[in-house]
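S.K.: Taken in sequence, the protein lines are chains A and B.
With numbering that gives the first Met the number 0 as the guide, the letters of the first sequence map in order to residues 0 to 229.
With numbering that gives the first Met the number 0 as the guide, the letters of the second sequence map in order to residues 0 to 229.
By construction, these hints were calculated from the structure, which means they are not laboratory data.
The model shown is predicted, which means the values in this text are computed figures rather than measured ones.
Check before you lean on any hint, since a few could be wrong.
Beyond 12 Å from chain A on every Cβ pair, some chain B residues (computed) [to be verified]:
(1) ASP28
(2) ASP33
(3) ASP37
(4) VAL58
(5) GLY63
(6) SER100
(7) GLU119
(8) ALA124
Coverage of chain A stretches by chain B, computed from C-beta distances (three or more under 8 Å per stretch; other residues unrestricted) [unchecked claim]:
(9) 26-37
(10) 40-46
(11) 123-137
(12) 142-150
Yeah, the Cβ is synthetic: ideal placement off N, Cα and C, and Gly gets one too.
Protein chains: 2
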Amino acid sequence: MPEPVSSRTPLSPTPRSTPTRLRERARTDRADLDAVLDAALICHLGVLLDGTPVVLPTVYGRDGDTLYIHGSTGAGNLRAAIGSAVSVAVTLVDGVVYARSAMHFSMNYRSAVVLGRAVEVTGRAEREHGLRVIVEHTAPGSWSRVRHPNRKELAATVVLAIDLTEASVKIRTGGPRDDEADIETGGVWAGVLPVRQVWDAPIDSGDLTPGIAVPADVLQRIASGRVEAR
Amino acid sequence: MPEPVSSRTPLSPTPRSTPTRLRERARTDRADLDAVLDAALICHLGVLLDGTPVVLPTVYGRDGDTLYIHGSTGAGNLRAAIGSAVSVAVTLVDGVVYARSAMHFSMNYRSAVVLGRAVEVTGRAEREHGLRVIVEHTAPGSWSRVRHPNRKELAATVVLAIDLTEASVKIRTGGPRDDEADIETGGVWAGVLPVRQVWDAPIDSGDLTPGIAVPADVLQRIASGRVEAR
């Protein structure tokens, strides 16, 4: 679990992680970064592959100032990330912003872009810890009741850690910022159409042993009413 | 609007756009690509910036075999994309897959990863067309009732086009693929917790002229019950 914010490294945006546009949306508080990273279900990893910055969706987890991702040793894209400069974007869409003019349409969102080097995690305990962090992010409360990775599974898995030292966080809320002239002209509706993720009822696996109930951690997740990882 | 599928370029995965893992999830039908691109609200753009593959969330739109993105001429990240090899990932999360063992947790999703060169769109009509495609993707039906970009706005905007010729589409559905031994052992719940995006009621802009009603295109979007762009 993350340590208290006060004891942790402050967010230190470098020139390349400092937004050059729309600075009013930028946040520099580490708590904002943590909140965005903890809320989303997936991230998008940027890896340089044969000269192309390839973007790949993947699951992840955060423990303090470390972001973990993982994958199969057979995945060329993930192998390319080992030891390399990468970025990880996490984005939550909160609404569509309808404006009075085409160029002011926008989205309300919370986003974090992390820049760093993907370091391969070695050592059985450290690797299992990284995988636990990812599983607990994906499915909070499930690690303690499922079978843990065995030697064969660990051998087939790459665990990567990225330090959360260089990151930018942007949050947009509220209505459109239309031009004064368009506001005065009137006649066109402007506002926000909010969007939200919801859980639907859990679906038992087709091969589930009869009589096994949906566990408390899943029921609690649904009862929370919010699709945010934690 | 897109032409009929039959008359369009087939998806031609190259080695780098062919998944090396979990091939059963890969789709090669262009209609699958179009469906994923048309459903999501935002994409993640990969741009090479000072040697780092930086991932940026942004809005987009599709017209036939062309994907459009745009941004401010003042955005260094977007300028870096002009004429460069980029990738665009579009991902829809459909559920969390709960397994009996840690390594089989997964997500149900629909994803597309497009690889290509970002070509700057020039010419007023072509640029306005690209912006229209993006606005109509973000807010279908709105273009015809809002003020269109003026000369000053166009001058401050970069419009980029990416050909949809090299792309991979992956779709995962259904329950966990647990090991036989874990299924036989039983005792652990396995299944899917579906996730879905929903619209909430529209919120008028604080500066809205009194008496302006929510337009039909917004009401229709809400009535559709699905958060999918089209």
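S.K.: Each hint needs a verdict: does it hold in this structure or not?
M.R.: Consistency of the hints with the structure:
Here ASP28(B) stays apart from chain A, with its beta-carbon at least about 20 Å from theirs, past the 12 Å limit. No Cβ of chain A approaches the Cβ of ASP33(B) within 12 Å, the least distance being about 18 Å, so the stated non-interface status holds. With a least beta-carbon separation of about 15 Å from chain A, ASP37(B) lies farther than 12 Å from that chain, consistent with its non-interface assignment. Not every beta carbon of chain A lies more than 12 Å from that of VAL58(B), the smallest distance being close to 6 Å; the non-interface claim is violated.
For GLY63(B), the shortest C-beta to C-beta distance to chain A comes to about 21 Å, beyond the 12 Å cut-off, and the non-interface label holds. Remark: the non-interface label on SER100(B) conflicts with the geometry, its nearest Cβ contact in chain A lying 4 Å away (cut-off 12 Å). With a cut of 12 Å on Cβ distances, GLU119(B) stays outside the contact zone with chain A, its closest approach being about 17 Å. Every Cβ of chain A is farther than 12 Å from the Cβ of ALA124(B); the closest lies at roughly 15 Å, confirming the non-interface assignment.
Only residues whose beta carbon comes within less than 8 Å of a beta carbon in chain B count, and the stretch 26-37 of chain A has 0; fewer than three means the coverage is violated. As drawn, the stretch 40-46 of chain A meets chain B at 6 residues by the rule of a beta-carbon pair under 8 Å; at three or more, the given contact holds. Only residues whose C-beta sits within less than 8 Å of a C-beta in chain B count toward coverage, and the stretch 123-137 of chain A has 4 of them, enough to reach three; the restraint holds. Counting residues of the stretch 142-150 of chain A whose C-beta sits closer than 8 Å to any C-beta of chain B gives 6, which meets the bar of three, so the coverage hint holds.
Taken one by one, the earlier hints fail for this structure at numbers 4, 6, 9, listed in ascending order.
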